[in-house]
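Visitor: Sequence:
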Amino acid sequence: MPVTVPHTAVVRPQPDPQTTHQVLMVRPARFTANPETLSSNAFQHPAGDAVMVQVSALEEFDAYAEQLRRAGIQVTVIADCHEPHTPDAIFPNNWFSTHTDGTLVLYPMEAANRRLERRPAIIGQLQQQFQVHSVLDLSPFELQGKYLEGTGSLVLDRQQRIAYLCASSRSHQQVLNVYCEALGYRACWFNATDAAGKAIYHTNVMMNVGSQLAVVCLDAIRDAGQQAMVQRTLADSGKTVLPISLAQNAHFAGNMLELRNRQGLPVFALSRRAWQSLSPLQQQVLAAQGELVIATLDTIETQGGGGARCMLAELFLSRRQGAAA
Numbered sequence: 001m002p003v004t005v006p007h008t009a010v011v012r013p014q015p016d017p018q019t020t021h022q023v024l025m026v027r028p029a030r031f032t033a034n035p036e037t038l039s040s041n042a043f044q045h046p047a048g049d050a051v052m053v054q055v056s057a058l059e060e061f062d063a064y065a066e067q068l069r070r071a072g073i074q075v076t077v078i079a080d081c082h083e084p085h086t087p088d089a090i091f092p093n094n095w096f097s098t099h100t101d102g103t104l105v106l107y108p109m110e111a112a113n114r115r116l117e118r119r120p121a122i123i124g125q126l127q128q129q130f131q132v133h134s135v136l137d138l139s140p141f142e143l144q145g146k147y148l149e150g151t152g153s154l155v156l157d158r159q160q161r162i163a164y165l166c167a168s169s170r171s172h173q174q175v176l177n178v179y180c181e182a183l184g185y186r187a188c189w190f191n192a193t194d195a196a197g198k199a200i201y202h203t204n205v206m207m208n209v210g211s212q213l214a215v216v217c218l219d220a221i222r223d224a225g226q227q228a229m230v231q232r233t234l235a236d237s238g239k240t241v242l243p244i245s246l247a248q249n250a251h252f253a254g255n256m257l258e259l260r261n262r263q264g265l266p267v268f269a270l271s272r273r274a275w276q277s278l279s280p281l282q283q284q285v286l287a288a289q290g291e292l293v294i295a296t297l298d299t300i301e302t303q304g305g306g307g308a309r310c311m312l313a314e315l316f317l318s319r320r321q322g323a324a325a
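In terms of the numbering used here, the sequence shown opens at residue 1 and continues consecutively.
Keep in mind that a hint or two might mislead.
[To be verified] Okay, the calculated beta carbon distance ranges per label pair:
no.	residue 1	residue 2	range
1	E66	A287	27 to 33 angstroms
2	A187	P140	18 to 24 angstroms
3	H85	R222	19 to 25 angstroms
4	P46	A195	19 to 25 angstroms
5	P46	Q276	18 to 24 angstroms
These are calculated hints, taken from the structure and not from any lab test.
Where a beta carbon is used, it is the ideal one built from N, C-alpha and C, also for glycine.
My request is simple: use the sequences and hints to build the entire structure.
Guide: Next comes the structure, spelled out in structure tokens:
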């Protein structure tokens, strides 16, 4: 059974690493646009035959996982189940996160069918293969209608212990406060909207914070004071900011993730649409940071409203001795 860690700030002798070489991905069984998330996710545009959508999503998933492996990333793939139907299972980073102190966090999800993604078998596999010392189970907040959807809601500066979060129906301040108290983070909370004025549903589709570079759609933060606060917080934590426009953000340019390969060198994962939306100068800045994994994810992005970063659940846990890689 999950054990909730005490809600007291954790004191760490040294900063956590910002990036990891290990990720978990969930291979879809019945990928479709999720009707339960359409109202809050303006990035979803469902269309087409369900069978062909699943076939295309599988092709994109498999190619992406292989690209990551070739770049030196250790990829653990878990197959989704046909029943119950979990159309968004391909985005596992929303329901769990892992941390270098051995903590596994389980998150409260807004859509009822997304709560089914917290499969005991996946949790058990993580506990069997990795050193999980404690579980912070925030999922009971669902009973109160309060949500915090993992590293979709939270963009973490793990080195500086800062949790960036844009307000939406999927991110509740009380749950954020519990998370920050338990794991020793401080919150940087702001409002962000798309070009149509709709709240951006997850922080990780409008910003990414890496070891040195932060890619942020500052134009989405309409309040001048909040925008200045985010810029100041990033600058004070030593990050170089690469601004992207609202139009680029609509093409998932904010939805990227910095990883590191076996040699400890940076690897940036993003979609083809995101890459093509960037200007030559922005591409040059990003390419100078490390190796690029540019994945074709047109079906997954269009149908699911999530992209390259959403598909990756970072594994910061130590692997148990003898556990298969």
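Visitor: Decide, hint by hint, whether the structure agrees.
Guide: Hint by hint, here is what the structure shows:
no.: 1; hint: E66 with A287: 27 to 33 angstroms; verdict: violated (21 angstroms)
no.: 2; hint: A187 with P140: 18 to 24 angstroms; verdict: holds (21 angstroms)
no.: 3; hint: H85 with R222: 19 to 25 angstroms; verdict: violated (37 angstroms)
no.: 4; hint: P46 with A195: 19 to 25 angstroms; verdict: holds (20 angstroms)
no.: 5; hint: P46 with Q276: 18 to 24 angstroms; verdict: holds (23 angstroms)
Hint check: violations occur at hints 1 and 3; the rest are consistent with the structure.
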